[in-house]
Amino acid sequence: MSPIDQFFGKWQLETHDNFENYMKELDVGMITRKGALASMALKPTLEISQKGDKYEFASKSTFKNSAIQFHLGEEFDEVALDGRHVKTKIFLEGDKLVQTQVHTKEGEKDTVLTRWVEGGSKLILIWKCGSVQSTWTFTKA
1 MSPIDQFFGK WQLETHDNFE NYMKELDVGM ITRKGALASM ALKPTLEISQ KGDKYEFASK
61 STFKNSAIQF HLGEEFDEVA LDGRHVKTKI FLEGDKLVQT QVHTKEGEKD TVLTRWVEGG
121 SKLILIWKCG SVQSTWTFTK A
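full-length UniProt numbering puts the first residue of the sequence shown at 1, with every later residue one more than the last.
Among the hints, a few may not be true.
Stated by the list, open to error - Straight-line distance between alpha carbons at most 20 Å, and here's what the computed SDA-like set of lysine to any residue pairs gives:
id : residue 1 : residue 2
1  : Lys-64    : Trp-116
2  : Lys-60    : Ile-124
3  : Lys-96    : Asp-5
4  : Lys-96    : Gly-107
To be verified - Now the in silico label distances, taken between C-beta atoms and shown as ranges:
id : residue 1 : residue 2 : range
5  : Glu-106   : Lys-10    : 36 to 46 Å
6  : Ile-31    : Glu-74    : 27 to 37 Å
7  : Gly-52    : Asn-18    : 31 to 41 Å
8  : Lys-122   : Met-1     : 17 to 27 Å
No wet-lab data here; the hints were simulated from the structure. Using N, Cα and C, we set each Cβ at its ideal position, and we do this for glycine too.
Working from the sequences, and respecting the hints, build out all of it.
Set out below in structure tokens:
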């Protein structure tokens, strides 16, 4: 079994903390922040799967649906959920999936998202920008 296999499946958001401060750090506007936080109360889902020779993260919520497909370790262009155009790379670091998002416009900020699975039924996602961090906890759906 490959280390990435533990991530496959559908995950439902259970808890989150400090996400508004994370969005503020990225200069996300108040209306967008409030909409994102309101949609999180409805417990969005994250599905991680393999599509041919690529992997896919598909997020579904009342606020915004999104999906990215990628090869592990290969950089690609992405429009982040906050609207930034970034150069993204997703790779395994031990048993963690690390996603780096490097800004492409002057004045924007870089972010790192780190995911890991605990006990086969809980997925932890850490969003980090500068010194601000938000933690999301998902359970297997």
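The hints, checked one at a time:
no. : hint                         : result
1   : Lys-64 / Trp-116             : violated, 23 Å
2   : Lys-60 / Ile-124             : holds, 17 Å
3   : Lys-96 / Asp-5               : holds, 11 Å
4   : Lys-96 / Gly-107             : violated, 29 Å
5   : Glu-106 / Lys-10: 36 to 46 Å : holds, 38 Å
6   : Ile-31 / Glu-74: 27 to 37 Å  : holds, 35 Å
7   : Gly-52 / Asn-18: 31 to 41 Å  : holds, 36 Å
8   : Lys-122 / Met-1: 17 to 27 Å  : holds, 18 Å
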